[in-house]
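> Residues per chain are reported as follows:
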Amino acid sequence: MKIKDRHLSPVGLIIAKELLDKFDTDIADSTKDKDHVIAEFEENIRVLVKTHLSIPLQRRIQRPPGSLLLRVAETLVGKKRFERDCMAALADWHEEYFEALDQERGRAKMTAIRIRHTYAFLRATGWLVGLETAGKLITKLLDKIGSA
Amino acid sequence: MTDNPTRLSSLELLVLKMLTNTSGEMYGLEMVEQSGKRLKRGTIYVTLGRMEDKGFIESRKEKQREGARGLPRRLYKPSALGQRVLAEWEMPSGASMGVLV
Numbered sequence: 007m008k009i010k011d012r013h014l015s016p017v018g019l020i021i022a023k024e025l026l027d028k029f030d031t032d033i034a035d036s037t038k039d040k041d042h043v044i045a046e047f048e049e050n051i052r053v054l055v056k057t058h059l060s061i062p063l064q065r066r067i068q069r070p071p072g073s074l075l076l077r078v079a080e081t082l083v084g085k086k087r088f089e090r091d092c093m094a095a096l097a098d099w100h101e102e103y104f105e106a107l108d109q110e111r112g113r114a115k116m117t118a119i120r121i122r123h124t125y126a127f128l129r130a131t132g133w134l135v136g137l138e139t140a141g142k143l144i145t146k147l148l149d150k151i152g153s154a
Numbered sequence: 031m032t033d034n035p036t037r038l039s040s041l042e043l044l045v046l047k048m049l050t051n052t053s054g055e056m057y058g059l060e061m062v063e064q065s066g067k068r069l070k071r072g073t074i075y076v077t078l079g080r081m082e083d084k085g086f087i088e089s090r091k092e093k094q095r096e097g098a099r100g101l102p103r104r105l106y107k108p109s110a111l112g113q114r115v116l117a118e119w120e121m122p123s124g125a126s127m128g129v130l131v
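Residue numbers (the working numbering), protein chains in the order written: chain A, 7 to 154; chain Y, 31 to 131.
None of these hints come from the bench; they were simulated from the model.
None of the values given here were measured: they were computed from a predicted structure.
Watch out, some of these pointers could steer you wrong.
What the hints assert, rightly or not - Computed from the model, here is a short list of chain Y residues facing chain A with C-beta under 7 Å:
# : residue
1 : Arg-37
2 : Gly-79
3 : Lys-107
To be verified - Negatives, chain Y to chain A, calculated, CB over 10 Å:
# : residue
4 : Gln-64
5 : Thr-73
6 : Glu-82
7 : Arg-99
Said to hold, decoys possible - No farther apart than 20 Å at their CA atoms in a straight line, the calculated lysine to aspartate or glutamate pairs in the EDC-like style are these:
#  : chain 1 : residue 1 : chain 2 : residue 2
8  : A       : Lys-115   : Y       : Glu-63
9  : Y       : Lys-93    : Y       : Glu-55
10 : A       : Lys-86    : Y       : Glu-92
11 : A       : Lys-28    : A       : Glu-48
12 : A       : Lys-86    : Y       : Glu-82
13 : Y       : Lys-70    : A       : Glu-102
14 : Y       : Lys-107   : A       : Glu-48
Ideal placement from N, C-alpha and C gives every residue a C-beta, glycine not left out.
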């Protein structure tokens, strides 16, 4: 994952700049082991990303897409269907979503992914079949009333 | 098991062919992408679930990959029965076991 300015909190950005300065100094120092300098820098960056993420990114990571749907489905869908079909649908949703997030795709692409996978998830729960059947029944009923 | 296990729909046939032709396992979205729009996101999981009920395919949850942020994916592969049904289906004399619906 590429780290951009907007991924880090303001304090995180200051620390990142300090780390970069220190890295430049250490790497230029011929007395220091370069492998060790690189390893130390990577470890520091890893800690920084974990502790100083920007709030919008934290929110996105704390609430991955489909969380609410999953919670609703957990209570309303049978265990087998939930664990097999719904979880598979959501896992594929996450796969595509995070891949697009890494590639920094635009809002339109992210929305398209959300819509497509929400539909797929709802189909996996079987709710849409129920709604379609109810719709057909109502249409038939209205036709009968109309022709009477 | 509610369905006749030897019945094979066109979508089920397509899924079985894809899973048999691939060397390893596949996940739902991968099948959708490789099917050239013949499989849809909206129907793939229902189809896969039904095929697993019939015993044509087997699935397992993928081990969480390092650095993965989402849920672990579900990987599918053809079962021995699925491979037998497909082989019968592809016999030139016609499908002795299967009935395309």
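> With reference to the structure, classify each hint as holding or not holding.
The hints, checked one at a time:
1. Arg-37: Because about 19 Å separates Arg-37 (chain Y) from the closest Cβ in chain A, which is outside the 7 Å limit, the hint is violated.
2. Gly-79: holds (5 Å)
3. Lys-107: violated (14 Å)
4. Gln-64: holds (13 Å)
5. Thr-73: Given a closest Cβ separation of 7 Å, the condition is violated.
6. Glu-82: violated (7 Å)
7. Arg-99: violated (5 Å)
8. A:Lys-115 x Y:Glu-63: The hint holds at about 16 Å.
9. Y:Lys-93 x Y:Glu-55: It holds: about 13 Å lies between the C-alpha atoms, which stays within 20 Å.
10. A:Lys-86 x Y:Glu-92: holds (17 Å)
11. A:Lys-28 x A:Glu-48: Holds: Lys-28 (chain A) and Glu-48 (chain A) sit about 12 Å apart, inside 20 Å.
12. A:Lys-86 x Y:Glu-82: Cα-Cα ~12 Å, so holds.
13. Y:Lys-70 x A:Glu-102: This hinted pair holds, its Cα atoms lying about 15 Å apart.
14. Y:Lys-107 x A:Glu-48: With a Cα-Cα distance of about 38 Å, the restraint between Lys-107 (chain Y) and Glu-48 (chain A) is violated, given a limit of 20 Å.
When each numbered hint is compared with the structure, violations occur for hints 1, 3, 5, 6, 7 and 14.
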